[in-house]
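Start from chain A and add chain B with the ligands according to the hints.
Protein sequence lines correspond, in order, to chains A and B.
Going letter by letter, the first sequence gives residues 1 to 416 in the UniProt record's numbering.
Going letter by letter, the second sequence gives residues 1 to 257 in the UniProt record's numbering.
Hints were generated in silico from the structure; no laboratory data involved.
Just so it is clear, CB atoms sit at the ideal spot from N, CA and C, and this is done for glycine as well.
Certain hints may be false.
[What the hints assert, rightly or not] Ranges of calculated distance between the beta carbons of each label pair, as one might list FRET restraints:
#1 T231/B x Y302/A: 40 to 50 Å
#2 R198/B x H369/A: 39 to 49 Å
#3 P224/B x Y302/A: 44 to 54 Å
#4 F382/A x P224/B: 51 to 61 Å
#5 I101/B x I337/A: 40 to 50 Å
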Amino acid sequence: MYVHGEIWTAKEMFVLPNEFIYWSIQIVMYPFMTGLVAGAFVLSSLYHVFGFTKLKDIARFSLVFSFALLPVAMMPLMLHLSQPLRGINVLMTPHFTSAISAFGIVFLTYACIVASELWFVYRKHFVDTAQALKAKSTRTTGENLRLKLFSVLTLGAWDVSPKALEKDHKAVTVLAAIGIPVACFLHGYAGFIFGSVKANALWMTPLMPVIFICSAVVSGIALCILCYIATMEIRKFLARRKGTAGGLSVEQLKGVEAYEVRTSARYLLIFMILAVTLELLDIIFRGYTAVKSWEILRSVIYEIDFFHIFILQFGLGNLVPFILLLIPRLTVRRAAIASALVLFGVFMMRWNVVIGGQAFSLTFAGFMHYHLPIIPTTWETFREGLAGALLVITTPFVLFYFLNKIFPVFLEEEAH
Amino acid sequence: MKRRDFLKGTAIAVAGASVPLAALDWIDAREAFAARDDLRWIFLVDTHKCVGCGFCVKACKYENNIPQETNATRTWVERYVMTRDGQVHADSPRGANEGFISRAIDRGTAGPLEIADEDITQAFFVPKLCNQCDLPSCVQVCPVGATYKTPDGVVLVDRTWCIGCGYCVMGCPYGVRFFHPIEHVAEKCNFCYHRIHRGESTACATACPFGARKIGNLRDPDDPVTKVVMTQRVGVLKDAFGTKPQVYYLGLNMEVR
Ligand code: SF4
Ligand code: SF4
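The following block holds chain B by itself, in its conformation from the complex:
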């Protein structure tokens, strides 16, 4: 059975079963669509493959109606440059919406920094997105429950209920949240929830020409992403916060913040 058909079936079954039992019972959308104990969405980022082209960032903004010209973004790419004097320089100009078009490191009001080739010891790119944490601090602090975690592990924001207090923006240790410039509610990556439930991949993973981004199902041992996570050295960001991130990185460097 295809994932899509399965979901449809479940939805109808749940809806149908609940009618004769208690005609006034509300159908919990979460139960109908995502209550599957064989599903837990995770993400795999391969930093070895990322070249910092920023296609993913652009695609994400198109897919999720975030105006291209805004400086906030659901996903972004960071560039790290290590130099011979032991320093780490990093930037992400406009979230790398246009990729990294300048060689100079963008330091905001401190001005750009040119680094000579011979001084560079190491350089790489790190894509970032919401970690769909298992213990999300954003869900914990939301005073109205507008931010919630689905049973299949994706953290969503209800645009019709968010009051725009910004507590979740403050509470997320990864800085992935911002305010939607048009809707004026909290906004963040949701693993393209609308797409993955149709059996498609996320917009960023689809747009990546090098396969640096992949979505997977942790509960499926045959899932290629799960296999990598289970068998290779993968890392997560800021483990110390105890949020249990579910975006796994291959080749994560300790310098990545």
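With the rest of the complex left out, here is chain A:
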């Protein structure tokens, strides 16, 4: 009979009997996914709040994508609970000394902000669609359903006069402005969950929330660039077949794409510098102050996890994309590769924090090695294994596909 964690943990030297890797791949996925949510939102806000008009096209895209990612941020947490059906208890008996119990509140606040912002951005589209459907003399069942849906979505606000739209626009700006700190808080608090665990020598640093916020923005921007490129490629493909897509020719699409990608890549670079600086600062600081735990941390960072930290995370995930993005005349393909690598780098950062933090024993004399379950043989190896992680990764794309039917990210006409 196995106790939780035993299946994927190998122990070396002196490790306490109850010590296993308890927080496995899903807890790596959790900050990774919330990071994407927060990052995508920050990217969209750059346009709405600070008026970076250059990012107009990608801003709407990242807002919808952020919404698609929202429910997925909760998935890994639920999958990780050994009593998932009791997840609701957190909302019923919140304990304010626990960082996890703040999750429900922060998360719901954030969800409301994103949802209302989306509504204001797309209200005109809802009204237009509903009215166009209404005007039709004969409607199919599908069209009737669509009419109902869009009528409901307007929430009874049918006024699309320039004055009303101006108000919408203001509301979006305000919401986006409130949203930035809340998004940062959402992720900063995810960092706090780790940073406040005093029993863990690697996690225990006040820098943790800040590091998490910076890398969250990095990952969000990278994902939006990548997905934006992917959808644009699909649009170009359609345009080639039909002549135009959304009224734009292939050449026009190419121009827009290259422009948007190049601009967002610049923001990506800025945030990457910030994130890497902070992470390196943390390592250097630990080495310099060298408290008692440094001895074992050093052997984890420089020996056991060297490949994961310095080759995969900093090398492949930071340095290579950094160079790729800095070389002049950035092409869309190069940006795509760089963004994919950045995403990988951020994932590895989460991995190294979560798994690396559990790689050494509380005795400071032993190590634990994590072997990710690949083939799901039981519910446990499914949810805490590769299969569970893939499920979490693919869900937002499925959601995005359906959301895009309601909130088309590429409207020809301005939505507000």
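Chain B with the ligands in isolation, oriented as in the chain A frame:
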């Protein structure tokens, strides 16, 4: 009055008193059963007496329905061996459920280590269990309050309310927590709360043939355990974490982690 009778009396009195005042008032079980300012459970471990037989570990698993064959345990015994080159070797094979049957130090995947007799300068055993901390970090981090501290100082886990997030497992600096292999909720030593309230000793203390483990009441100055804690050089584990452990050790070596 016996402890047991006293508790019964309190329970009835509290229950009775609360009915006419507010018939709808909930009776707080903690108030009814443990709100005694003359009670604070503590534990005393005498490392000089422990021989590492592991009887306590076995008894604990029987008493608290932890399958014997699982590798996690509410209490365990560690073996420390110091050698002439100044090195410290330690292990606790399967929590010492069968005691220390091999002379070789168990180092997991690094393989066993044989140490020659003449190289050994010092060797001893250290039993460990939940410290029922005064400022328990496990209680602090539990998002649903499933882990809570009773007024008489024992930290308990509510098996019907724990969501199994593992935050408490991460938050405990002593590594005493694990997940129950059948109940799938956080699990740890609770000083045999069900036994000590009947006026009995804990299962591990009862099973120890050498008296290396003892439960006591810190608020009772005549309690033999309290007397030792008050008058002798006792130590606690990992004081620096600020959790204020309430398991006291006699003859604690600084090498013990
Ligand atoms: S030893 Fe660990 S589990 Fe026990 S009370 Fe202290 S912090 Fe909680
Ligand atoms: S595992 Fe259970 S007892 Fe532990 S923190 Fe989570 S809910 Fe609380």
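Kindly confirm whether 51 to 61 Å is satisfied by the beta carbon distance between F382/A and P224/B.
holds (53 Å)
Does the Cβ distance between I101/B and I337/A fall inside 40 to 50 Å?
-> Since I101/B and I337/A have Cβ atoms about 57 Å apart, the given range 40 to 50 Å is violated.
| query | Holds or violated: 39 to 49 Å for the Cβ distance of R198/B and H369/A? | reply | holds (44 Å)
| said: A range of 40 to 50 Å was offered for this pair. Does it hold for the Cβ distance of T231/B and Y302/A? | reply: holds (47 Å)
message: Can you tell me whether the CB distance of P224/B to Y302/A sits inside 44 to 54 Å?
response: With Cβ atoms ~50 Å apart, the hint holds.
This entry does not satisfy hint 5, going by the numbered hints stated previously; all others are met.
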